[in-house]
Amino acid sequence: MSHIVKSPPPLAAAVVGIHTTQQGMSIDRPAVHLVLDAIAAALADAGIDKSEVDGISARWPGPTGTVMLPGSIDWGAQLGIPLRWVDDSYPAGVPALMAAAAAITSGLCNTVVVAGGQSRTRIPGAVLEYTRPDNEFTAVFGSYTPAQFALVAQRYFHVFGADPAKMAGIAAAIRSMGSIRPGAALFGRGPYAAEDIMASPMIVEPFHLLELCLASEGAVAYVVTSLDRAKDCARRPVRVLGGGMEYKRQQYVDPPLYDEAKNLGADAIARATAMAGVSIGDIDTFQLYDANAWEVARQFEALGYCAEGEGLDFVMERGAGPEGLAINTDGGLLSFGHLGSSGPTLKIVEAVRQLRGDAPTSQREGAELALATGAGGGALYYNLAILGRA
Amino acid sequence: MGVEPNPNWVTKAFWEAAGQRSLIYPCCDRCDNRFFPPRPACPKCLSLQWSWKDSAGKGTIYSAVTVHKAPIPDMATPYVLAIVTLDEGVHMLANIVGCRPAAAQIGQRVAVNWDTCARGYTVPNFELSADLS
Ligand SMILES: [Zn+2]
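Protein chains in written order, with the numbering used here: chain A, 176 to 565; chain B, -5 to 127.
One chain only, chain A, in its complex shape (with noise of 0.2 angstroms):
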């Protein structure tokens, strides 16, 4: 789909190289040598030596090194380079993106890797840590990450008198994808219906199983550079056109309620479409934050392409595959992978495989504007950007 461009995008700045390790549930290497592979491999991607970097966003994951934050310091020392920026948003994903692309517009840095990742995480009988915050009136009555989303979605469900097997749906097609995606954690599991996702297990309701994201292990890196490197680079560069971010509560804290949670990434797409000088109408791909797979339908409502209520229809109606509305067109969180606060990073690389036109499978044909999103509903935060082709 074309789009006119009412004013140059203040961003100056471009994705030049991209890469996922192998992701899976249970990955017996350290998470830094993982993350090392990903740096390394989106570098050489972009055709660009690590001596030009001069930014990083990345968690360090140990051993050695401080446990202080900024993590990202410790990064430049390992790739024995000196840094003009750093970054240490959390979560990753385009808070990290927005930071470096208005980092190396602004000038004060020239090109920056943004990376993540985890292994070793399991616990026998428990969910992973990072999904159960600790937070004194919440974990005390037994919720958790899941939970919080669930207590959202479950008041939309009430009120709505909403379909759960389109819920259902919205999982097995997107799931679909991730099955065929070579690199996904759950590669070759699949393909789904909605019955299969609705015969798995319930976790907390409305959610089985197979509608929630994975915690799973790998890593993911990128490299973002000035629009002027980025006509050098080895790949076609990919544009940060816009971009916009919400905080209204700190996650999994306050107890999560759906009148306040409905309506966020409202605000955030009407400033990155501003920004980026697009329509809502221009967007040919949505790599959106599936924590569940009713947040997928959540995020359309209040991004404006329906009526509140009407989400899961919509989804349903259009198609969730490349032919449709191409969303999280690598499996997304539900089956590629999730790798804790990094797991957002991996929105940006599959928006950006699509703008490319090289994503191994399901490739929106002649996608040139995609949407990549974080969080929502349950987190009570939610961000996005807008990226297009150079």
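I should point out that these hints are in silico values taken from the structure, not numbers from a laboratory. Where is the CB? At the ideal position from N, CA and C, for every residue including glycine. Please note that a few of the clues may not be correct.
Covered, in the sense of this in silico footprint (three residues per stretch, anywhere, with C-beta under 8 angstroms from a C-beta of chain B), are these stretches of chain A [claimed, not checked]:
1. 307 to 317
2. 320 to 327
3. 429 to 435
Restraint-style ranges between C-beta atoms, simulated for each label pair [claimed, not checked]:
4. B/M69 x A/G237: 26 to 32 angstroms
5. A/P257 x B/W108: 58 to 64 angstroms
6. A/V334 x B/D68: 30 to 36 angstroms
7. B/Q43 x A/E227: 51 to 57 angstroms
8. A/L384 x B/D68: 18 to 24 angstroms
Knowing the structure of chain A, use the given hints to seat chain B with the ligand on it.
Frame of chain A, contents of chain B with the ligand only:
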């Protein structure tokens, strides 16, 4: 139920009152704003002067979900996690107990009950109530 509370100087009074089976919430001395969970200052007017007020312990279920997989192994499932809107206007997370999980529905009236959890802390939870006011 879940992890025992770990009180600090802002929240200590809440758990002390809970130990006496009294449900309290912060209310601003300056602007009368009620809020929960407790914070160092009133989020509306930023006053550091706020006081604990007694709740009647009655409320309405804003949202409720049945949890079938607990975050830690030693919690018995299923259990009901809910957001309760207290009649005083503040929202809090809590467990709904004393009924079949499916019976705890959005919009139903509830009344506070008390449960002793690990390390002797008393934790507020709620039971379905016939009271309509
Ligand atoms: Zn006040």
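Status of each hint after checking the structure:
1. With a threshold of 8 angstroms between beta carbons, the proposed coverage of the stretch 307 to 317 of chain A by chain B holds, since 9 of its residues qualify and at least three are required.
2. For the stretch 320 to 327 of chain A, the stated coverage by chain B is satisfied: 4 residues place a CB nearer than 8 angstroms to a CB of that chain, which reaches the threshold of 3.
3. Check result for the stretch 429 to 435 of chain A against chain B: holds, 5 residues qualifying (beta carbon to beta carbon below 8 angstroms, three or more required).
4. As the Cβ distance of B/M69 to A/G237 is approximately 31 angstroms, the hint placing it in 26 to 32 angstroms holds.
5. At about 59 angstroms, the beta-carbon gap between A/P257 and B/W108 stays in the expected band of 58 to 64 angstroms.
6. For the pair A/V334 and B/D68, the supplied restraint of 30 to 36 angstroms holds, since their beta-carbon distance comes to about 35 angstroms.
7. Distance hint check: the CB atoms of B/Q43 and A/E227 are about 55 angstroms apart, consistent with the given range 51 to 57 angstroms.
8. A/L384 and B/D68 have their C-beta atoms about 21 angstroms apart, which keeps the hinted 18 to 24 angstroms range intact.
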